[in-house]
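Here are the chains, one letter per residue:
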Amino acid sequence: MEITEEIIHKVAELSKLRLTDKEKDKLLESFHGFLNYVQTMNDLDTKDVEPMTHVLPLKNVFREDRVCQETDRESVLKNAPEKKDRYFAVPKTVE
Amino acid sequence: MKLYETVIGLEVHVELATKSKIFCSCSTEFGGEPNSHCCPICIGLPGTLPVLNKKVVEYAIAAGLALNCSITQKCKFDRKNYFYPDLPKAYQVSQLYLPLCRNGYIEIETEAGKKRIGIHEIHIEEDAGKLIHDAFEDGSLIDYNRCGIPLIEIVSEPDMRSPQEVIAYLEKLKMILQYLGVSDCKMQEGSLRADINLSVRELGSNQLGVRTEMKNMNSFKAIARAIEGESKRQIELLEANKAVIQETRRWDDKLNTSISMRSKEDAKDYRYFPDPDLPPMEISQEWIDQIKGRQPELRDEKVERYQRDYGIPAYDASIITGIKKLAELFEETVEICGKAKEVSNWIIVELMRLLREEEMEAEDICFAPVNLAKLIQLIEEGKINRTVAKEVFEHIFKENVNPEEYVEQHDLSLVSDDGLLRSVIEKIILENPKSLEDYRNGKDKVIGYLVGQTMKEMKGKADPSMVKDIIYDLLNP
Ligand SMILES: [Zn+2]
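If you're matching them up, the sequences are chains F and A in order.
Going by numbering that gives the first Met the number 0, the letters in the first sequence line up with residues 0 to 94, in that order.
Going by numbering that gives the first Met the number 0, the letters in the second sequence line up with residues 0 to 476, in that order.
Read the hints as simulated data drawn from the structure, not as lab findings.
Among the hints, a few may not be true.
Claimed, not checked - In the PhoX-like style, the derived pairs of lysine-lysine whose C-alpha atoms are separated by at most 20 Å in a straight line are:
1) A:Lys444 - A:Lys433
2) F:Lys9 - F:Lys21
3) A:Lys88 - F:Lys77
4) A:Lys73 - F:Lys46
5) A:Lys397 - A:Lys324
6) A:Lys324 - F:Lys15
7) A:Lys338 - A:Lys382
8) F:Lys9 - A:Lys433
9) A:Lys88 - F:Lys91
10) A:Lys129 - F:Lys77
11) A:Lys129 - F:Lys58
12) F:Lys15 - A:Lys79
13) A:Lys73 - F:Lys58
14) A:Lys460 - A:Lys389
15) A:Lys455 - A:Lys444
16) A:Lys129 - A:Lys113
17) A:Lys389 - A:Lys340
18) F:Lys82 - A:Lys88
19) A:Lys113 - A:Lys73
20) A:Lys129 - F:Lys83
21) A:Lys426 - A:Lys458
22) F:Lys82 - A:Lys129
23) A:Lys426 - A:Lys397
24) F:Lys91 - A:Lys129
Sequences are here, hints too, so could you generate the full structure?
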């Protein structure tokens, strides 16, 4: 896959990042490097290899369905950049 | 005009009835004070780690088994990335690549007969917070109580062709999930929400047309209207040689039309990837068998038991068991007063009528079974007649009144004082000399008229058969 400036622009927009031209150039380069690496893996025969879904040897980590440790509202709202009454407040968002 | 057929598939989101959220131990209670059921995990603070609620997996497997799905025993979670303030982590944990349940079906029945609707998959997700848009001028407010409530999304195959089939499918789904106890499925509280994927094509074609998706459907009636409206809109476009655009539309029930939602071109680019914070699941056959063994009595078994143990007709049993809440109400009321057939009649006739009139769901019934049992007792004992009983029942339904107290306070007991009734009837006969004459000329019909007049005079508080006896008595001295 050819990485173009357009793709960099789109990914940045989806990630809500504002990039300078210099940063874009740098990203273009590292995207190329990364995708080349993926291409190397694509060239390997992985027919009998189970895809890895997680890096740690863990599975079935569960908790029981119990209610405890709710945080009081004051603490919940403490880090909110903006709050109003008992709510988090954000700029007007209409889907 | 050509003949068209509507092709419909549904995505149904169901909130699971766990006590705590999917990845943290906050309560899932509905209607709590804003932001009172929150913690660092569900408001997405950095440095927190999610731990999966075991019950969520069990409920989702139970739903999958009841919908004839196969269970994906090696299964994992993925992140669906998007920026919207109802989702504080900026991603939703979901299952794109390996949904927990696949390839199921349910059987529905409409006037057109029985039909099998395929279930493409069921996957586990987390719910988002609730945005309030109109509260103040410059911005929106957020309540994160709902954020992290466990959901399953049930994706059907595009197997439905009419609003009737869609409603039958939703009703069946709701009934199964309620009987399983995995969700209360209250549409009004948003614990069951349906997105409709709809396209039209020329009848006989086997190619699917371009589909639109309608979100925010909050009642069966609105769903039926939305399907009618959107099919019509798409057919009109095709007839005018215009193209249907694949997009998300919002059904406006007041305007009776769907409205295109401004959607950015990139909106579908969710950049899914495996969630590194959640280890994969390996679901053993034993665990599945255990859940299978615990599945509660479903409808078909109940229908049989009601006929066998309560002696009510198959028709009654199938109506009552159609909605879990009605089945519970029936069982609890019969437990108190015996009289299964009588309880069944009140549920099927009066209760269903009131639900229709008030446009309420059975889940919203809030009266105590003991009050219906007491009402039936009052009729049995001859304290009130059926006309009065119906009136009292409306108050039980609406205000959960105690019928004994209500009858007492409103002076509705039957007048069983023979002397009093006699004097009222004598007066009525005197006022209607023609009826006496008619009776003597062999016109028996006049009795009915006199009973009616007496009941009117007594404001319904008399036993019609007793009134009738007295009238005969007075007319045949
Ligand atoms: Zn929480």
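Violations among the numbered hints
6, 8, 11, 16, 19 and 23
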